[in-house]
Structure formats: structure tokens, C-alpha cells
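Chain by chain, the residues:
Protein chains: 2
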Amino acid sequence: MRILILGATGGLGQALARQLQGQGELLLVGRRPQVLRDLAQELGGSSLRGDLSDELEASALLEQAGPVDLLFHAVGVAGRAPARETGRQLLEAMLSAHFLSAANVLKYARFGQGARAVFFGAYPAYVRVPGFGAYAAAKAALEAYLEVARKELRKDGVRLILVRLPAVATPLWTPLGGPPRGALAPEEAARKVLEAVLGDAGDEVAL
Amino acid sequence: MRILILGATGGLGQALARQLQGQGELLLVGRRPQVLRDLAQELGGSSLRGDLSDELEASALLEQAGPVDLLFHAVGVAGRAPARETGRQLLEAMLSAHFLSAANVLKYARFGQGARAVFFGAYPAYVRVPGFGAYAAAKAALEAYLEVARKELRKDGVRLILVRLPAVATPLWTPLGGPPRGALAPEEAARKVLEAVLGDAGDEVAL
Numbered sequence: 001m002r003i004l005i006l007g008a009t010g011g012l013g014q015a016l017a018r019q020l021q022g023q024g025e026l027l028l029v030g031r032r033p034q035v036l037r038d039l040a041q042e043l044g045g046s047s048l049r050g051d052l053s054d055e056l057e058a059s060a061l062l063e064q065a066g067p068v069d070l071l072f073h074a075v076g077v078a079g080r081a082p083a084r085e086t087g088r089q090l091l092e093a094m095l096s097a098h099f100l101s102a103a104n105v106l107k108y109a110r111f112g113q114g115a116r117a118v119f120f121g122a123y124p125a126y127v128r129v130p131g132f133g134a135y136a137a138a139k140a141a142l143e144a145y146l147e148v149a150r151k152e153l154r155k156d157g158v159r160l161i162l163v164r165l166p167a168v169a170t171p172l173w174t175p176l177g178g179p180p181r182g183a184l185a186p187e188e189a190a191r192k193v194l195e196a197v198l199g200d201a202g203d204e205v206a207l
Numbered sequence: 001m002r003i004l005i006l007g008a009t010g011g012l013g014q015a016l017a018r019q020l021q022g023q024g025e026l027l028l029v030g031r032r033p034q035v036l037r038d039l040a041q042e043l044g045g046s047s048l049r050g051d052l053s054d055e056l057e058a059s060a061l062l063e064q065a066g067p068v069d070l071l072f073h074a075v076g077v078a079g080r081a082p083a084r085e086t087g088r089q090l091l092e093a094m095l096s097a098h099f100l101s102a103a104n105v106l107k108y109a110r111f112g113q114g115a116r117a118v119f120f121g122a123y124p125a126y127v128r129v130p131g132f133g134a135y136a137a138a139k140a141a142l143e144a145y146l147e148v149a150r151k152e153l154r155k156d157g158v159r160l161i162l163v164r165l166p167a168v169a170t171p172l173w174t175p176l177g178g179p180p181r182g183a184l185a186p187e188e189a190a191r192k193v194l195e196a197v198l199g200d201a202g203d204e205v206a207l
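The listed protein sequences derive, respectively, from chains A and B. So the first sequence is residues 1 to 207, counted in this note's numbering. So the second sequence is residues 1 to 207, counted in this note's numbering.
Certain hints may be false.
For identical chains, the list gives no copy identity; a pair is met inside one copy or between any two copies.
[Claimed, not checked] The list that follows gives simulated cross-link-like pairs (lysine to any residue, SDA-like), each with its CA atoms no further than 25 angstroms apart:
1) K155 to G87
2) K155 to L176
3) K151 to G177
4) K155 to E57
5) K155 to V129
6) K151 to P124
7) K192 to G66
8) K151 to A93
9) K151 to R164
10) K192 to L56
11) K151 to P82
12) K151 to Y123
13) K192 to W173
These are computed hints drawn from the structure, not numbers from a lab.
Take the sequences, apply the hints, and build the full model.
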């Protein structure tokens with residue numbers, strides 16, 4: 001099984017990578033070069049670099065990765081501002097990380113027969129709160145896009161899985177002063193994700 | 001009452017403008033200069049120009065428009081491609097028209113006391129269909145963003161209204177070979193929208 005983890009240097013991605021060690025060939029993509037190399041070496045996987053929100057880089061990276069059987073899009077950033085103060089920069093940061101990167105993956109990923117690709121959504125009730133409009137919009141865009149792509153790719157035997165997670169206590173939240181109360185530990189989140197995805201869960205998983 | 005219609009040269013925007021003639025001071029914004037000038041002259045309103053998806057232009061335009069009591073964001077484009085063929089160009093076109101323009105409006109519009117601002121959503125069941133991923137994602141982003149902005153702006157006495165419409169038979173659909181079967185005539189759609197928005201409808205209207 002060839003396993004591609006996008007966002008492998010993030011909190012959730014790292015936890016997924018560690019828990020998947022020994023279950024297949026690990027291909028790791030992440031934004032922090034040193035952490036990525038160390039992780040790949042530690043786990044016996046390979047590392048690939050590229051900005052997934054850039055269409056050309058995403059295309060090259062996914063071509064290089066080759067056909068995969070299990071893919072995790074564990075890419076994301078957090079940001080906060082009320083709508084009256086939200087400009088292009090925050091909107092683009094949120095859309096690029098959560099949505100455009102996923103759209104590029106859905107366009108260029110090469111899937112093995114029966115492949116599964118996992119994306120991370122949000123609970124509307126948790127994120128549609130003051131200050132989180134840009135984040136909530138980017139997640140909503142991802143979720144809608146995935147719903148359509150799922151219908152399109154089913155005929156190719158590819159399963160697109162949306163996993164909704166409550167907040168996970170990762171460095172994603174550092175710019176906002178730390179994770180929300182009750183956030184899951186990344187190891188716990190990764191364990192639940194793998195249990196659902198490697199088991200018989202449906203196309204939409206709520207954890 | 002000062003009424004600002006964004007997208008006033010589109011099918012729905014024009015119909016809204018005509019039906020609002022005589023109910024207040026009409027400020028019209030649209031992408032087709034000649035049509036816009038003619039319409040403003042015919043209805044006794046004024047016309048403003050600018051690209052609403054560009055933050056600087058949107059800011060200047062909305063400053064020039066001044067405080068408004070009723071605003072319609074009747075801006076949109078249609079586009080179609082499966083996810084395996086959807087690149088940056090289509091994604092940006094959809095996001096700019098449906099979502100970024102609305103975010104700029106929500107940032108820069110000047111609202112009178114008790115103002116209402118109306119945005120147009122989509123029915124998930126109609127748009128989350130093969131080929132419409134980018135369109136569906138942009139509408140989903142708009143809807144989520146609006147839900148958050150509504151909570152933020154309520155304290156200022158501004159009402160943000162989401163109107164879900166079935167397809168409207170406008171030139172929006174020309175690039176796709178014409179409107180879907182059963183599309184509403186623009187005049188009929190505008191009539192229903194105004195009936196709901198000027199009446200006692202809630203924050204989310206399904207027509």
C-alpha cells in the first residue's frame with residue numbers, strides 16, 4: 001500500500017504518519033523541510049516538497065508521488081478576523097490552504113485501484129462563529145467540492161472520505177493563542193481517523 | 001431609502017432594479033458600461049463602476065455609494081468542469097464572483113440604520129452535481145461566510161439575508177448552453193425576492 005500524507009509536518013499529519021509506520025510505503029509532504037526530512041528518516045519513508053496550493057507545483061509533486069492507495073490531506077491553517085476587517089490576505093490564506101490545495105490534489109493525484117483519499121472538514125456549529133468567517137468559508141468550499149468530486153470519481157473506484165474533526169491541539173492554533181478548550185490530542189485524533197478510514201466507515205465521518 | 005444593486009446589468013439585477021423603480025434612490029453597479037448607463041437613465045438612478053472582487057476597487061466604490069438601506073449582491077457567473085479538469089482559472093473565477101466580491105461588500109459597505117443586505121445562495125441538491133464543483137464550492141463559501149457575518153453584524157442593526165433561488169433564466173447560463181430546464185424567468189424571480197425581502201421573511205429565504 002502506498003500512503004501519501006500531505007501536511008505531514010503538521011500536528012495531525014505527523015501523528016498519522018507515525019501511526020501508519022509499517023503499514024505501507026510512506027510518502028510525506030510538508031512545509032517544514034528539516035522536520036520533514038527527519039520524520040521521513042525516522043519512519044523509513046520518503047519526502048517530497050512543493051506548495052500544494054500552486055497548481056504547477058502540486059501537479060509536479062503528485063506526478064512524482066505516483067499512484068497512491070491511501071491519501072491524507074491534512075493541510076490547514078487557522079486565522080481569525082471579523083468580516084468588517086477581513087481582506088484579501090486572510091481570505092486567500094484560508095482558501096489556498098484548505099480548498100485550493102485540495103482541488104489541486106483532486107485534479108492531479110494518481111490513484112491506485114480502490115484508493116481512498118481523506119480530507120478534513122469542520123463542524124459548522126464549531127466554526128460558524130464570530131471571527132471565523134474566512135476559516136468556515138474555506139472549509140465549506142472544501143466540503144461542497146468534495147461532495148461533487150465524490151460523485152464524479154466513484155466510477156473510477158476512488159473513495160473520497162470527509163472526516164469532520166473537532167479542534168485538534170496542534171500548532172495550527174498557535175497564531176490564535178493556542179487551541180480551543182476541549183481540543184483533541186493529535187495522537188488521539190489520528191487514532192480515531194485511522195480506525196474510521198481503515199475500517200468500514202462511510203464517505204462522511206464525524207469524530 | 002437608498003438602494004444599491006450590485007450586478008445590475010445581469011438578468012436578476014436588472015429585473016430587481018426595474019421593480020424597485022420609484023421605491024427609493026437607485027444606485028446601480030454592473031459590468032456592462034453601456035447597459036448600465038442606459039438602465040440608470042431609464043430608471044432615474046445613478047451608476048457606479050468597479051470590480052467588486054478587487055478589494056481596492058470595491059472599497060472605493062462602496063465609499064462612493066455611501067450609506068445604503070437595501071443592498072442586493074446579484075453578482076455571479078456560471079462555469080462547469082469535472083474536478084479532474086478544474087484548474088486555478090475556473091476556481092478563481094467562481095470564487096471571485098460569488099464569494100470574494102461578497103466578502104468585500106461585507107467589509108466595506110456602509111449601512112444605514114436597520115439596513116438589509118441580500119445575497120444569493122444555491123440549493124445544495126441542485127448544484128452539488130457532477131461538473132459543478134467549483135460553482136457549488138463558491139456558493140458554499142458565500143453561505144458559510146454570511147452565516148458568520150450575520151452574527152457579527154446583528155449588533156449593528158444590519159440584517160444579512162440569504163436567498164436561495166432555483167436557477168434563473170439569465171445570460172449567466174449562456175456559456176453553458178442556456179439555462180437548466182425549469183429555470184425561473186428573471187422577472188418572476190425578482191418579484192419573489194422582493195416580496196420576501198421587503199416583507200417579513202427571515203434571514204434565510206428559500207424560493
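Each hint tested on the structure:
1. For the identical chains of this complex, K155 and G87 are inter-copy neighbours only, at 21 angstroms across copies versus 40 angstroms inside a copy, given an alpha-carbon limit of 25 angstroms.
2. In this assembly of identical chains, the alpha carbons of K155 and L176 lie at most 25 angstroms apart only when taken from different copies (24 angstroms versus 42 angstroms within one copy).
3. Taking the shortest alpha-carbon separations for K151 and G177, only the inter-copy value of 22 angstroms comes in at or below 25 angstroms, while the best intra-copy value is 39 angstroms.
4. Proximity of K155 and E57 under a CA criterion of 25 angstroms is satisfied in neither setting, with 27 angstroms inside one chain copy and 44 angstroms between copies.
5. With identical chains, the CA atoms of K155 and V129 are at most 25 angstroms apart between copies only, with a shortest distance of 14 angstroms across copies and 37 angstroms within one.
6. When the C-alpha separation of K151 and P124 is checked against a cutoff of 25 angstroms, the pair qualifies both within a copy, at 22 angstroms, and between copies, at 14 angstroms.
7. Taking the shortest alpha-carbon separations for K192 and G66, neither the intra-copy value of 27 angstroms nor the inter-copy value of 52 angstroms comes in at or below 25 angstroms.
8. Taking CA atoms no more than 25 angstroms apart as the test, K151 paired with A93 passes between copies only; the shortest distance there is 23 angstroms, against 28 angstroms inside one copy.
9. In this assembly of identical chains, K151 and R164 lie within 25 angstroms of each other by CA distance both inside one copy and across copies; the values are 19 angstroms within and 23 angstroms between.
10. In this homomeric assembly, K192 and L56 never come within 25 angstroms of each other (Cα to Cα): the closest approach is 33 angstroms inside a single copy and 45 angstroms across copies.
11. Proximity of K151 and P82 under a CA criterion of 25 angstroms is satisfied inter-copy only: 10 angstroms between copies versus 34 angstroms inside one chain copy.
12. Taking the closest pair of Cα atoms, K151 and Y123 come within 25 angstroms of each other both inside a single copy (22 angstroms) and across two copies (17 angstroms).
13. Within a single copy, K192 and W173 get their C-alpha atoms as close as 20 angstroms, which meets the 25 angstroms cut-off; across copies the closest is 44 angstroms, which misses it.
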